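**Student:** Chains A and B supply the protein sequences, listed in that same order. Okay, so the first sequence: first residue is 11 according to the numbering used here, each after it adds one. Okay, so the second sequence: first residue is 16 according to the numbering used here, each after it adds one.
FYI, nobody ran anything at the bench for these hints, they're computed from the structure. Be careful, since some hints might not be right.
Derived pair list, reagent style SDA-like, types lysine to any residue, alpha-carbon separation capped at 25 Å [what the hints assert, rightly or not]:
#	chain 1	residue 1	chain 2	residue 2
1	A	Lys254	B	Val222
2	A	Lys254	B	Leu90
3	A	Lys161	A	Ala249
4	A	Lys259	B	Val222
5	A	Lys156	A	Gly118
6	A	Lys254	A	His298
7	A	Lys123	A	Thr135
8	A	Lys259	B	Thr226
9	A	Lys161	A	Pro378
10	A	Lys254	B	Ala228
11	A	Lys24	A	Ala152
12	A	Lys259	B	Arg234
13	A	Lys259	B	Leu235
14	A	Lys254	B	Tyr94
Quick caveat, the model's predicted, so the values are computed rather than measured.
What follows is each chain in one-letter form.
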Amino acid sequence: MAAVHNFIRRDVWKLPSADRTLHWYATAISAMQARDPADPTSWHYQASIHGDPNSTAPRFNQCKHGSWNFLSWHRLYLYYFERIVRAAVVDAGGPSTWALPYWNYEDGGNAAKLPTPFRQPAAATNPLFVAQRRATYNAGLALLDKFTSSKSAMATAAFTAAHGATSFGGGQADDMLWMASEPGAVEMAPHDVIHVRIGGHTGWMNDLSLAARDPIFWLHHANIDRLWTQWLALGHGRANPAGKWLHRKFSYFDEHGAAVHNTAADALETEMLHYSYADQPAVPAHPHAAVSDRVPELVGSSAAPVELTGTAASVHVAVDERARAGFAAQLADGESPRIYLNLDDVRSDSAPGTVYGVYVNVAQGAEPDDAHYAGTASFFGLGRAGSRGADREHGYRLTYDITDLAAGLSARGEWDGANVHVSFAPLDEEVPDDVDASPESSGHAPVTVGRVSIFHG
Amino acid sequence: MAEVITASRAKLVGAVVGPRQMFAARPALPVEILIVAGWIAALALTPRSMAAMAPSMGIGLWVAMVAATMLPSALPVVYHVAANSLRRRRNRAVLLFAGAYLAMWAAFGAIALAVLPHGASRVVLVVMLLAAAGWQLTPWHRRALRGCHRTSPLPAAGWRADAAAVRFGASNGGYCLGASWCLMIVMCVAPGPPMLWATAIGAGVFVQKTTEAPAHVARLGALALLVVALFAAI
Numbered sequence: 011m012a013a014v015h016n017f018i019r020r021d022v023w024k025l026p027s028a029d030r031t032l033h034w035y036a037t038a039i040s041a042m043q044a045r046d047p048a049d050p051t052s053w054h055y056q057a058s059i060h061g062d063p064n065s066t067a068p069r070f071n072q073c074k075h076g077s078w079n080f081l082s083w084h085r086l087y088l089y090y091f092e093r094i095v096r097a098a099v100v101d102a103g104g105p106s107t108w109a110l111p112y113w114n115y116e117d118g119g120n121a122a123k124l125p126t127p128f129r130q131p132a133a134a135t136n137p138l139f140v141a142q143r144r145a146t147y148n149a150g151l152a153l154l155d156k157f158t159s160s161k162s163a164m165a166t167a168a169f170t171a172a173h174g175a176t177s178f179g180g181g182q183a184d185d186m187l188w189m190a191s192e193p194g195a196v197e198m199a200p201h202d203v204i205h206v207r208i209g210g211h212t213g214w215m216n217d218l219s220l221a222a223r224d225p226i227f228w229l230h231h232a233n234i235d236r237l238w239t240q241w242l243a244l245g246h247g248r249a250n251p252a253g254k255w256l257h258r259k260f261s262y263f264d265e266h267g268a269a270v271h272n273t274a275a276d277a278l279e280t281e282m283l284h285y286s287y288a289d290q291p292a293v294p295a296h297p298h299a300a301v302s303d304r305v306p307e308l309v310g311s312s313a314a315p316v317e318l319t320g321t322a323a324s325v326h327v328a329v330d331e332r333a334r335a336g337f338a339a340q341l342a343d344g345e346s347p348r349i350y351l352n353l354d355d356v357r358s359d360s361a362p363g364t365v366y367g368v369y370v371n372v373a374q375g376a377e378p379d380d381a382h383y384a385g386t387a388s389f390f391g392l393g394r395a396g397s398r399g400a401d402r403e404h405g406y407r408l409t410y411d412i413t414d415l416a417a418g419l420s421a422r423g424e425w426d427g428a429n430v431h432v433s434f435a436p437l438d439e440e441v442p443d444d445v446d447a448s449p450e451s452s453g454h455a456p457v458t459v460g461r462v463s464i465f466h467g
Numbered sequence: 016m017a018e019v020i021t022a023s024r025a026k027l028v029g030a031v032v033g034p035r036q037m038f039a040a041r042p043a044l045p046v047e048i049l050i051v052a053g054w055i056a057a058l059a060l061t062p063r064s065m066a067a068m069a070p071s072m073g074i075g076l077w078v079a080m081v082a083a084t085m086l087p088s089a090l091p092v093v094y095h096v097a098a099n100s101l102r103r104r105r106n107r108a109v110l111l112f113a114g115a116y117l118a119m120w121a122a123f124g125a126i127a128l129a130v131l132p133h134g135a136s137r138v139v140l141v142v143m144l145l146a147a148a149g150w151q152l153t154p155w156h157r158r159a160l161r162g163c164h165r166t167s168p169l170p171a172a173g174w175r176a177d178a179a180a181v182r183f184g185a186s187n188g189g190y191c192l193g194a195s196w197c198l199m200i201v202m203c204v205a206p207g208p209p210m211l212w213a214t215a216i217g218a219g220v221f222v223q224k225t226t227e228a229p230a231h232v233a234r235l236g237a238l239a240l241l242v243v244a245l246f247a248a249i
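Just chain B, with the same shape it has in the complex (with noise of 0.2 Å):
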């Protein structure tokens, strides 16, 4: 046991660490240049606030704020694609799924940026921030964030293992807007710069996923959003 433990450790670290070895070490990291690409895009995309750009425009910088910030909370679940896949098919079974959580998102944020009114505004703000705090203390959130952490059974091998990856990044997708998709909308329709708001919103949705205790988490997000939502009437 204890020389297996070495060798392969031993592999991990090796003095030289080829692209090969290191797409073997880390079995998310296409989904982590992803993330990293989803930054760089959204920063160079980023208008001073988004919801005065044109609707077309609009969806890249979506796509890519979700992957900067939404998709870092996936990669639990982009882990258990990348162990449940054969070693060959890896890399290709975790784009699979990210392209599919991402694809549900975009669908969302081409609807929303549609219908969502051009130009801050603030009684809009307020509304979505109260909505938001609301939809935050519902059991279809609950529900939403519970089925963040479903699994779906990924075949092996053939057309099975990539309709399966896909099937588990829109099913993920779906749960993840489920839980999230009103936040989203505050940071369409807030001032500000929506990369601000975007790092904000990932990093309560990454909590709120990985906490051991949601509900608790659920209530301290309403308190905080409420708050926010009095700042901004005042």
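Chain A with its partners taken away, still in its complex shape (with noise of 0.2 Å):
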């Protein structure tokens, strides 16, 4: 990697305490909301290309979730953003070396809290403070660790995969061709949970159509760019996808304005677009992967759907016989079947503030915990699934790959392979004393879970 780079983005928690970088992103930014919102370089219209509730014109509503597009979609729409912005900067006097900085919450402690930036002074003067937050983190409150940990995603070695199988990246629901929409583990994880938590019940982050508006968007985004990179230097199989995938033609605009156009295989590699983040891990050289043939079977689902209301709940999976006795001959035959545990047809018309824990086998009365625990379950987009951009409708699925948990229960005498409990409970952090806001505690959106089901594969 001779590359000379540019760009670095950095960690925002990590920038030295006379750094201007935050500065610049303010400037900038009351630059962009004071031009017209009809110039593509202004921040309400670039925030309407990911999102917008009014309007439905050809260039707005464009974000891509729920599948294989979501990485390379975000990561190109960073990128011209990112030009804007510098753009901007510089007319303003700043330097022509910007880059968009990233929050990399996971980090812990402080790196948990929303950048202090972000939220003091509280008050309209200050560009990247947005009341339209959950109050509890504009006041200081430091994420959950389950609300952060990339640790699913990152373990997750297909970039894609067939229905019911977990991937990193996300299913191929390309729009209207496929029935469901299949995000991937990283988009699941800390992503979506990110936005809803950030977002609360009526915050802009937990709103597709919103989201953008939010400075701190787009720093979560940067982070979640940066968990792409770390993942491919991560090895052992982990490719971007070859064929189709690399095709997709996406849309946007440059920092003049001009409408521009580009393919996933134009932002395969962060250098490609001239950046990289300040901890970026050599890639080793990669070739792309052939998407797999293997497909995992149905093997149970629940009989009937679960509402989640907010409050714990739970669901009963009977696994089917026969697809019991194949699953351990495959084991016999010395192969590695996987276990999946599928959220399907998940509804709901509005989007949800809460955060689910998914839970496994825990025994009746008892306090779900981390020997369970299966991963969450957030909602983000939900509401506007069939509303929005390419005019589709359809049912939301949501996959955890619970082998290795069913194998730790397993050593406990707590899985039988025939009946698989399901719970849900609310995740929420304790607010302490000195964080001067009180938890939100109503508008619990209901959703409903068509389906709970579990794929052997």
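With the hints in hand, could you dock these two chains into one complex?
**Tutor:** Structure representation (structure tokens):
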């Protein structure tokens, strides 16, 4: 990697005290907010490219979620946004090397709090502050570890996968062509979870069509983009997909307001777009991975839907006897089939601000704990799933790889393979005394999980 | 991983593929067979013009034509049903889905054939072509088309699995009907071989259901119908 990087994206919590990166970001936001909303380089227009609640203009509501286009679309979206901000920084007399910082909330401690300049001063005169966030985070509350963790995403080796299996980048649900919407592990967590937590029940970050108006959106997405580079560097078969994924065309605007068109093939490495992250590891040469033709099989499901209304809920999944015998035979053959938990046909009319912990085989009456924890369930953008952009309506599916969890449960005699008890419990932080805000208590928009299912594959 | 891929590929392209393997590799095969059967039956039953037929004969041909030309656009949904069913229940699930889908169309066809005037009338044809063109541009058409992409929970086992497949087939058939009922009426009152019309209409509906720009395609469809209406009027 001898290439010279022109622009370095740095950790916002590790910027030196005299650093002016956020000062210039705030200056540029003010300048962009003062532009005509019809100007593609204005703050309003840029946010509307992601989503706009009031307009169906063809350039708006372009964001890609719930599929393998999520990472590539957002990488290019950030790249052009960063160019527009940089041009505004230079216009205001700032450095021509300005680059977007990232928010690595997973670092814990203070890093799990909203960066201070985004919440102080909490006034309209501060372009980095918006009141439309969960009040506790604007008051300096640190995010729970479970909300910031990228562990499950990093552990997922396949970029994309078939129905029912986990993937890092998302399912191949290309707009109208497929029935379901299948976010990848990195989109589910930490991406969706951070959106839902920071936005809360009514804030911008938890609304697909308003999220990009919050200046923290861009630092959050820089972190998700950074996780993509970290994931590739882990190796062991991790690679971007070949084929159709490379050639999906996306449209944006550059700093001159001119329309530009790119595909994922233009954004495979950050170096191709002349930037890198301060902590970027060297990525070993990796060929594109052929999309696996391994298709997991449904082996059991709940008999009825589950309603999530902000309180604990649970459901029983019966695994088919014959399917279980097939699984045992695969194990005996020396294969290593995986076990996937799926939440299928998830629906909601609005965006719930609640993030749930998903647990497997918690004993009756017992408190859910980490030994039974499968992951988080959050529903960013769900209320808009059928109403915006590409004119589609579909089921939403969240997938968890519970193979290792099942092995642990099995070792303790808590897994028989035939009966899987899945429970949901809302996750929330304890609000310490020094945080001057009370947690949101109402407005849990109900979510219907049409089916909870188990796939083997 | 690589070994697994190779192993499953070997299963799919094994030297001798028996019927069991064929059904496993093609999860929608029962419905694909139904589509082919629809074509054969429709061609066998086709008179010179459908409008000249007695309603009792017409309904058989109607269902055959729907199976031949409308069912292909529902194949992505059939794959979804197959992928979300237990392997041992897969054929049953996709056939229940397709049966309910066709039943919705049959019910509509029975009414349409009963009330439509017998014998091709140019006025009726032109009116229906204009109505079909207008329908393409309504929010109801958009909503129905979007509904064609709606999923429905499919419990894995027991009577609930059967009921869910039927319910999904009926709702999907209903949305499909909402998106293209006008076009099928056009086919009933149009002169010439109905299968020619049915094929053109089926192809148009297939494109509308699978395109990424449905609004744009609907506008093009409306324009095409308008042109045909002009020709028919002259």
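**Student:** All hints are to be evaluated individually against the structure, with a verdict given for each.
**Tutor:** Hints versus structure:
no. : hint                   : result
1   : A:Lys254 with B:Val222 : holds, 19 Å
2   : A:Lys254 with B:Leu90  : holds, 21 Å
3   : A:Lys161 with A:Ala249 : holds, 18 Å
4   : A:Lys259 with B:Val222 : holds, 20 Å
5   : A:Lys156 with A:Gly118 : holds, 11 Å
6   : A:Lys254 with A:His298 : holds, 12 Å
7   : A:Lys123 with A:Thr135 : holds, 21 Å
8   : A:Lys259 with B:Thr226 : holds, 15 Å
9   : A:Lys161 with A:Pro378 : holds, 19 Å
10  : A:Lys254 with B:Ala228 : holds, 18 Å
11  : A:Lys24 with A:Ala152  : holds, 17 Å
12  : A:Lys259 with B:Arg234 : holds, 23 Å
13  : A:Lys259 with B:Leu235 : holds, 22 Å
14  : A:Lys254 with B:Tyr94  : holds, 20 Å
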